[in-house]
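One letter stands for each residue in the lines below.
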Amino acid sequence: MNNALQLKNVSKSFGEAKIIKNLNLEIKKNERHAIIGPNGAGKSTLFHLISGHYKLTSGKITLNNDEINNLEPHEINRKGLARSFQVTNIFPKMSVYENIRCGILWSMGFKYSIVRLVNGDKKLNEKTYSILEEINLKHCAHIPAGLLSYADQRALEIGITIAGGADTLMLDEPTAGMSNSETERAVNLIKQISEKRTLVVVEHDMGVVFDLADRISVLVYGEIIATDTPKKIRENKAVQEAYLGTEDH
Amino acid sequence: MDVILFTLFNGLLYGMLLFMLSSGLTLIFGMMGVLNFAHASFFMLGAYFAYQISKYIGFIPALFIAPLIIAFCGAMVEKYALRRVHKFGHVAELLFTFGLFYIIEELVQMIWGKVPVGYHVPEYMDFTLFSMSGMGYQAYAMFTLVVSIAMFIVLFSVLTKTRAGLIIQAALTHPEIVSSLGHNVPKVFMLVFGLGCALAGLAGVLAGNTLGTEPSMALSLGPIVFVVIVVGGLGSLKGALVASILIGIVQTTAISLDYSINNFIELIGFSVDIESLWRILIDLTISQIAPILPYLLLVLMLIFRPRGLFGNRDV
Amino acid sequence: MINFFKSFSTWIIIAVIAAILPLIFDSSFSLTLLSKMGVLIIFTVAYNMLLGQGGMLSFGHAIYFGLAGYASIHILNGIGEETLPYFPTVLFPFIGAIVGLFFGSLVGYVSTRRAGTAFAMISLGFCEMVTAMTLIFVIFFNGEDGIQTDRMVGPEPFGITFGPQIEIYYLILFWCLVAVALMYIITKTPFGRMSNAVRDNPERAAFIGYSVRRVRWQAFALSSMFAGAAGSLHALNYEHIGFESVSVVQSGAVLFMAFIGGAGHFLGPIVGAIGLTYLDSTLADVTEAWLLYLGLTFSGIVMFAPGGLAGLIVMHGPIARTDKKLLISLIKPYCLAISSVITGLIGLIGIIEMLYFRSLISKGEGEVVIFWTEFNANGIMSWLIFIALILVGIFLSKKTFPLAKESWDHAISVVKTEISNE
Amino acid sequence: MLNKFFKIFLFTISLVYFSSAIKAEDTIKIAIIEPMSGPLASVGLDLIEGLEFYAERINKAGGVLGGKHIEIVPYDNAMVAEKTIQQLRKVIDEDIRYVTQGVGSNHALNIIKTLGKHNKRNPGKEVIFLNHSAVTTSFTNELCNFYHFRFDANVDMKVAALVSQMTKDPSIKKVYLLNQNYAYGQSFQAAARRLLAERAPQIEIVGDELIVPFGKILDFNPYVSKITSSGADTILTGNWGPDAARLITATANSQLKVKFYTIYAGIPAAMNSMGVKISTFNPIVQVTEAHENDPSHPDWLKEIDKEYMAFSNKSPYADRQRFMIEMFAAAVEKAGTADPTAVAWAMEGMTARGAHGDVYMRPDDHQMHFDMVLSHISTDVEKTFIYNNEDYGMAYVTDGWVDMADITLPTTCKMKRPKK
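Protein chains in written order, with the numbering used here: chain A, 1 to 249; chain B, 1 to 315; chain C, 1 to 422; chain D, 1 to 420.
Check the hints yourself; a few may be wrong.
[Claimed, not checked] Over the 12 Å line for every Cβ pair with chain D, so calculated as not near, a few chain B residues:
# : residue
1 : Val3
2 : Phe6
3 : Lys79
4 : Lys114
5 : Met135
6 : Gly136
7 : Met217
8 : Ile255
9 : Ile265
[As the list claims (entries may be wrong)] Some but not every residue of chain D turned toward chain B, in silico, with C-beta under 10 Å:
#  : residue
10 : Ser42
11 : Val43
12 : Gly124
13 : Lys125
14 : Thr167
15 : Ala197
16 : Ala200
17 : Gly215
18 : Ile217
19 : Asp219
20 : Trp240
21 : Pro242
22 : Ser254
23 : Val258
24 : Tyr264
25 : Gly275
[Said to hold, decoys possible] Computed footprint of chain D on chain C, listed as stretches where at least three residues anywhere in the stretch have a Cβ under 8 Å from a Cβ of chain D:
#  : segment
26 : 63-72
27 : 94-108
28 : 115-123
29 : 143-152
30 : 341-348
Hints in this document: simulated from the structure, not taken from any laboratory.
From a predicted model like this one, the values you see are computed outputs, not experimental measurements.
All residues carry an ideal CB built from backbone N, CA and C; glycine is no exception.
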């Protein structure tokens with residue numbers, strides 16, 4: 001019962017098309033788990049299913065042994081699961097500081113209050129700055145988030161994701177579109193923030209995946225064909241044929 | 001039996017008018033996401049242009065020329081105004097057309113005055129074609145029916161059989177697809193908007209003379225158009241047709257029902273004896289609330305089945 | 001304490017000016033107008049909680065404004081006929097607020113699942129339904145006649161009867177300040193911040209633990225509550241409420257005010273409410289084409305300045321903060337551009353006025369007064385003059401606008417480099 | 001920035017304030033509050049033009065009180081009830097003591113109520129309301145007021161005239177009532193039911209319908225079919241605007257032969273929008289105070305009509321505006337002062353010349369009484385109707401006159417009068 005996330009017989013269809021087929025997956029507490037697979041394998045759909053964005057066609061998902069497959073996204077988030085998106089998803093008109101602060105509000109019990117003010121709250125302020133420090137964006141706290149560079153925006157999104165204090169993080173292609181040095185910075189950031197958290201990451205960059213992950217699952221056409229340590233995955237024949245092999249061509 | 005047939009036929013006549021009015025907006029809204037608040041204004045412009053043209057060269061030329069002019073106007077509105085607003089999102093587009101609605105209404109008053117103009121049914125179609133249970137049907141009404149059915153058939157076959165139509169169809173269900181096909185999206189949008197407006201204009205040409213051509217007609221017709229496209233389903237021509245006829249029949253039937261809640265209560269053997277506010281509620285007959293029914297339908301539809309009768313995606 | 005006064009200095013100045021105004025303009029009309037402005041400021045700022053803060057475009061917000069008005073009038077009449085116990089007139093906005101909150105929560109619950117155009121359509125559907133009902137349920141709404149009342153009921157504490165318009169003005173002023181201050185504070189609360197977050201990115205807002213629908217619903221209900229308070233004051237101001245007050249026309253008017261003033265900024269709707277109320281009451285007597293000008297202005301703002309008037313001003317904030325000289329350097333190109341636009345506008349207005357005259361009035365020799373000057377609408381000369389003005393305006397604009405844009409671009413690039421150097 | 005805005009605001013408001021403070025002493029001003037913008041603007045503008053014409057005639061003939069002129073001052077209410085109140089307050093500010101209005105009974109009601117409060121709270125500053133077209137019966141019944149005078153017949157009187165004419169036509173056996181579901185339509189319905197039962201018990205009411213008003217109904221065919229199956233030979237309706245035009249058009253298009261008895265369905269704008277064929281397919285009978293083609297139309301009125309035509313390029317339509325201004329001028333002369341209270345006393349029980357005998361202001365309720373003419377639209381007329389130089393090709397033909405006595409109804413008015 002050490003699983004942070006558990007998926008049992010999960011299926012998802014859009015009309016006739018079955019995108020996820022009877023999928024089973026276990027993600028252990030505090031591990032870094034990567035999901036890889038060719039384009040169109042259903043990785044993003046899988047993320048959307050876990051985070052409540054899409055509803056399951058059949059199956060069951062549990063988060064820390066609680067069933068979450070019938071909950072709304074915000075309810076799942078409150079249970080301790082946070083995620084980032086493939087396309088940068090921040091509040092572009094707000095300042096960097098405010099982006100992070102919004103991410104913290106719920107976890108600090110502010111709820112939908114209309115009687116408390118956010119500006120004067122010392123604890124909130126401190127927490128916000130501590131997260132800004134963690135993601136190295138303290139220097140540009142008061143610039144509108146939309147004006148940041150792409151890499152900084154991705155970092156900010158990770159910041160929002162961890163701000164709510166979730167213990168399970170899901171990152172959707174966190175290094176896509178970054179230069180080598182930016183990728184390196186991002187990987188370090190991810191390593192640092194996932195030290196005491198469970199991490200699920202979808203990534204295309206194999207270097208990043210093998211550097212980061214404790215375990216890897218390979219998703220091909222809606223089915224997991226293997227789940228194992230990086231080393232064993234590298235040696236797995238089926239995986240090489242289905243996925244890694246194609247990379248060599 | 002006679003009554004039912006008769007009610008259905010009246011409902012069909014009215015429904016086809018609604019279909020002509022709203023089919024254009026279904027195309028525009030489905031493909032571009034633009035909820036054109038001024039759609040009924042183009043309908044009104046159609047009626048006024050037809051009035052002006054038929055005064056000089058007759059009704060049949062007006063039937064072709066007026067929609068063409070409207071198509072041009074619509075295309076220009078899209079090209080020089082809507083395209084500009086597009087980047088601010090659909091709500092901004094809606095806001096713009098809301099302003100446009102005011103502008104067109106005032107322009108019409110500026111050019112044609114504020115009193116109704118004398119736009120009449122052409123004489124050669126102003127005779128009774130046949131009668132049914134004592135009520136005569138004018139040849140012109142049948143002409144309108146034929147044109148509207150022809151319009152549906154032509155539109156439907158263009159959309160399902162031709163290449164251009166297939167692209168538009170694709171765009172209706174998956175708006176993001178068009179750009180990936182490598183087509184000139186702004187041009188497609190301009191044409192669709194122009195075409196949609198022209199359809200509204202054609203409806204104006206055909207209906208202006210029986211409804212009365214006056215500056216406030218856009219305001220009174222505007223909201224019903226939204227009802228049709230929402231109930232029918234986003235971007236579905238078939239849906240618009242079914243929804244129009246449905247609303248037409250519902251309204252026509254409701255008007256012929258003089259029953260109130262009170263009648264019903266009495267029917268099952270109770271009698272209610274209340275004075276005051278609620279009395280009027282239970283005495284209200286279905287025929288009196290008939291005009292509210294479409295809006296009730298709209299609200300219920302958006303709440304319970306936002307994709308409409310035949311739509312593939314939510315509004 | 002000093003800080004407190006500093007941050008509220010603008011507010012205090014406005015309050016003092018507003019309190020002095022009726023001493024200068026003591027005619028009953030000016031007082032009615034000022035009172036109307038106060039009421040509409042509350043209504044518009046409340047509306048902007050939806051449009052500007054929450055990103056929801058409603059065509060039916062007058063429902064809550066109007067229904068609260070109807071409720072207040074009925075209660076006032078009830079007190080007058082002594083069928084209802086006395087309720088202090090001063091506290092009437094509470095009645096409106098409760099009515100607004102009730103209906104807002106009800107309608108909001110079913111309509112806030114989606115934002116954008118779907119929301120706009122639902123709001124329009126509700127508005128059409130309620131307007132139709134006001135005409136059908138005569139017993140409560142009294143049809144198109146509406147209901148009249150006498151606000152002088154009950155005891156008269158400190159000799160205040162609320163009969164004279166000036167007493168109503170101060171009542172409205174008081175509640176206007178309270179309501180606007182409350183709504184301003186709400187923007188600084190967790191709910192207010194999340195309201196903006198949901199507007200900008202509902203998907204992300206859901207994944208930081210907030211129910212998007214709940215935030216929208218709450219915004220809708222609160223906005224309706226303040227709109228209701230405004231409706232009560234409106235009823236007190238005119239001692240009358242009619243079906244226009246719940247109709248699409250009233251909803252459209254508040255949309256115009258909020259958007260033209262500037263939905264993106266808290267002060268925008270206030271500017272819009274004051275400006276449009278004033279113009280609506282004075283320009284409408286001068287020209288028949290007032291609605292056309294309003295429609296043109298609105299569409300122009302949507303196209304060229306989606307931030308509204310306040311947006312245009314706020315846009316220059318960073319420049320002013322960086323270097324005042326930069327701002328001053330903008331004045332000259334701006335003046336040139338604006339004056340060329342005005343030249344064209346004068347021509348356009350002249351043409352519109354003459355067209356209106358010809359189609360609507362068309363009597364006598366065709367003398368029509370435009371800009372305090374008499375023109376002949378049937379003579380070719382006046383048409384030529386105005387057409388020439390339009391052409392000159394367009395010509396000048398083509399010259400001056402690139403200049404203005406250049407100066408703006410220059411100024412903003414200076415600001416950008418300043419920021420990145422920091 | 002905001003302070004600057006306020007300065008500009010202050011400046012402009014003061015400009016308007018001072019410019020309106022200029023007063024002319026040698027005129028008697030009558031404020032007219034009507035829609036000058038929005039959908040009903042043409043109605044408002046035509047009425048203003050008419051009043052200006054009739055006032056100008058008085059002025060040309062030497063004015064009143066030895067040379068004082070009557071000046072008409074227009075105010076726009078845009079058909080918004082609150083704006084009427086607002087404009088009325090402006091009128092009071094500018095010390096104009098007479099106000100007239102007619103389009104929209106809800107606006108008239110607001111004026112009556114607001115002036116009622118004003119006149120009570122400000123003795124010596126009374127303002128008189130000269131109501132030229134608002135027809136809600138209660139204004140001269142339970143809502144009657146010493147400072148309100150109505151120069152048009154009220155709904156009940158008009159229905160009484162219609163019913164009186166109907167009794168003269170033996171072919172009318174079955175009547176269908178169809179009205180708009182709001183205050184005016186409901187009062188028309190109630191009056192029609194009552195008066196038909198009283199005066200024409202031989203006529204059977206075969207249908208009684210209330211419809212949603214203001215052009216919301218696009219398709220009248222279902223109503224026509226209901227009327228057809230009811231076997232009615234006459235439709236008695238208070239409908240106006242598109243609600244009337246679409247009903248009549250639908251009836252004509254389905255070849256249903258009925259008679260229409262109406263108040264506003266045949267007004268000039270409506271007959272133009274329906275066109276000759278539909279307007280004359282069924283007789284559309286309406287009740288007015290006069291019309292140009294009446295055989296008994298007096299010569300002096302024909303002269304005035306001709307002048308009006310030259311002034312406005314329109315055929316005259318509302319003769320009540322003429323006798324309102326004439327009676328007002330005579331009342332001012334009789335009172336010897338322009339003080340409203342004195343003028344009101346003078347106007348009570350006064351008579352003035354009308355198209356068919358004298359018109360009479362009943363003192364009990366300040367309701368004008370006069371003979372009314374029933375007419376229907378026809379192309380077979382001497383003078384066709386002309387509007388802004390456009391010839392409509394048709395006009396009204398007299399069906400008969402109803403005597404003042406037949407439409408004099410009891411009033412419930414208990415008027416409180418000030419001291420003389």
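Quick one, is the Val43 (chain D) hint okay against chain B at 10 Å, beta carbons?
OK, holds: Val43 (chain D) within 10 Å of chain B, min 8 Å.
Next item in the hint list is Gly275 (chain D). Is there a CB on chain B closer than 10 Å to its CB?
holds, 4 Å
Taking 12 Å as the cut and beta carbons as the points, is Met217 (chain B) off the interface with chain D?
violated, 8 Å
Close enough to count: is the Cβ of Val258 (chain D) nearer than 10 Å to one in chain B?
It is violated, given that the least Cβ distance between Val258 (chain D) and chain B is near 12 Å, above 10 Å.
With chain B as the partner, please determine if Ile217 (chain D) meets the hint condition of a C-beta pair closer than 10 Å.
Holds: closest Cβ of chain B sits about 6 Å from Ile217 (chain D), inside 10 Å.
Do at least three Cβ atoms from the segment 94-108 of chain C come closer than 8 Å to Cβ atoms of chain D?
violated (count 0)
Under the criterion of a CB-CB separation shorter than 10 Å, is Thr167 (chain D) in contact with chain B as hinted?
violated, 28 Å
Quick check: do three or more residues in the segment 63-72 of chain C have a beta carbon closer than 8 Å to a beta carbon of chain D?
violated (count 0)
Say whether it holds or is violated: Lys114 (chain B) keeps its Cβ farther than 12 Å from all Cβ of chain D.
violated, 4 Å
Taking the closest Cβ pair, is Pro242 (chain D) under 10 Å from chain B?
holds, 5 Å
Once the shortest beta carbon distance from Gly215 (chain D) to chain B is found, is it less than 10 Å?
holds, 4 Å
Supplied contact hint for Gly124 (chain D), tested at 10 Å Cβ to chain B
violated, 41 Å
Hints 1, 2, 4, 5, 6, 7, 8, 12, 13, 14, 15, 16, 20, 23, 24, 26, 27, 28, 30 from the earlier list are contradicted by this structure; the remaining hints agree with it.
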